[in-house]
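Colleague: Those protein sequences? They're chains A and B, same order as listed.
Take the first sequence: its letter number 116 is residue 425 in this note's numbering, and every next letter is one higher.
Take the second sequence: its letter number 196 is residue 505 in this note's numbering, and every next letter is one higher.
Hints listed in this document are in silico derivations from the structure and should not be mistaken for laboratory results.
No experiment lies behind these values; they were computed from the predicted model shown.
A couple of the hints might just be wrong.
For identical chains, the list gives no copy identity; a pair is met inside one copy or between any two copies.
What the hints assert, rightly or not - Lysine to aspartate or glutamate pairs mimicking EDC-like chemistry, simulated, CA-CA at most 16 Å apart:
#, residue 1, residue 2
1, LYS329, GLU607
2, LYS500, ASP537
3, LYS384, ASP360
For reference, the chains in residue letters:
Protein chains: 2
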Amino acid sequence: MSLLTIGSVAFDALETPYGKTDKIIGGSCTYIALSAGFFLPKVNVVAVVGDDFPQEYMDTLKSRGINLDGLQIKKGEKSFFWAGKYHNNMNSRDTLVTELNVLADFKPVIPASYQDCDYLMLGNLTPQVQIEAIQGLNKRPKLVVMDTMNFWMDVAMDDLKRVLTMVDVLCINDEEARQLSDQYSLRTAAKLIMAMGPKTLIIKKGEHGALLFQGDRMFYCPALPLEDVFDPTGAGDTFVGGFIGYLAKTDDISFENMRRAIVHGSAMASFCVEKFGTERLFEITEADLAGRVNEFRELASF
Amino acid sequence: MSLLTIGSVAFDALETPYGKTDKIIGGSCTYIALSAGFFLPKVNVVAVVGDDFPQEYMDTLKSRGINLDGLQIKKGEKSFFWAGKYHNNMNSRDTLVTELNVLADFKPVIPASYQDCDYLMLGNLTPQVQIEAIQGLNKRPKLVVMDTMNFWMDVAMDDLKRVLTMVDVLCINDEEARQLSDQYSLRTAAKLIMAMGPKTLIIKKGEHGALLFQGDRMFYCPALPLEDVFDPTGAGDTFVGGFIGYLAKTDDISFENMRRAIVHGSAMASFCVEKFGTERLFEITEADLAGRVNEFRELASF
């Protein structure tokens, strides 16, 4: 099934206790597309970069089945750039630089060839841009999944609440779920958030795994305890990319299949953090993924 | 199989956002025995109280199959007393009062009738008292499980390390595992801690569940997301009491059975937090527990 994802394609500069990088390829859309692309022959991307974005990076993405027909390249402008430094426990980080650049006035344009979209993944972006992406499609996709972050709750809550009424699945972290619902209990938070629109809610808890809610049903996927987390950048996007990639591949949006999709997303994320940036996502094989999914099965079974 | 537990039998005064109590029955041994007693016709207790401890409380415990032949009652002395106040998120608390009283010079005495002990549960106490309890048994039990806390790591690390060489299973929380191993990664911490003695390690993560480690094997049991946590007091002791009670009932200490024991302990703990103190533990039925274990199965299966 065809998958369209919209989000940022950008430069990241990362520093963790294991080392630091210069500007490397990053952005929510990059991680989502690489992760979802593991499951699908093609992933359609809508995003924007400046003309500083190297052709080499675009060629690399294309070689993984990522369709960049919807990638706008703004002449004379610079790509979105984020720099961050992780603390020793890897659970907290400081943002050192955020340069919106081309993202500041991004208007998503959906190419005609993308209009058959069955699965739509809205990466973390201004809620207004997420709305425009949905409205840019002639037919409503079978499943719309969105990511967001606490920043939009602070500065664009009305727009955010409007997108929430337009999507099927919301994917946020525990802190964001608490902020959005003003409830500490994640179970109570989930009820309130699902009443805002999305019938299904994923709450990411980092090293503590992820929760999936739909009506009265719950699924708790643990995170695989790892000896070393090398670089957590992109883990959340890799997770949700694997989730929607697996759903699109199997074309089954039942709750039972969403459980398996969560596990596949978690497995992809567990690889992502093993090296800097997107590096590890280029190495994994189908056998690696099958082995990792078995580790999750072994981890959770009783 | 016969189970012996040693720990505190005490008074607690609790305050949570839902209300507060006067002095009520508390102590690690009380929660462990009540939880383990759910699985066994009898639980043998070694503990100490002052003569302020009401006969009514002792009668209540006895009515649940808890054998108090090993409960020392110190004339003219007062029982251990702890008072605490939980913050709004229930994940942190302030200790308002700690009066050691009879616990200050507790010398465990194991009654002759307890010497057939197959399963030994060492509740959180001075490591020296835990050692004396093990040494007070003529034959080594089939399984020795111990709880401890960060306080003993601060003030009695040498004694604590000595107990660790004498036990089979250590049960601590994530913060304690990190302190004991000086490692942030729980998987690395587990390796180092198991090298200190216990072949099996349980790391409790509160609302994030519990991890079980043995050699290279891992099991992750999620905590059931609850709408309300009324009072978390005793949840950890109820958890480990359910764990060892289930093992003693089934008399199977394989890793596979320990997985099921962790789930039964987690189920017992999920009941415990639904009311103040030990109250909920007196209400649950076998059908309640079976239903809750099924909820865990549903929560974790994919």
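Colleague: Next step is simple, just say for each hint if it's right about the structure.
Modeller: Outcome of the hint check:
| no. | hint | in the structure |
| --- | --- | --- |
| 1 | LYS329 / GLU607 | neither (34 Å within a copy, 42 Å between copies) |
| 2 | LYS500 / ASP537 | between (35 Å within a copy, 13 Å between copies) |
| 3 | LYS384 / ASP360 | within (5 Å within a copy, 85 Å between copies) |
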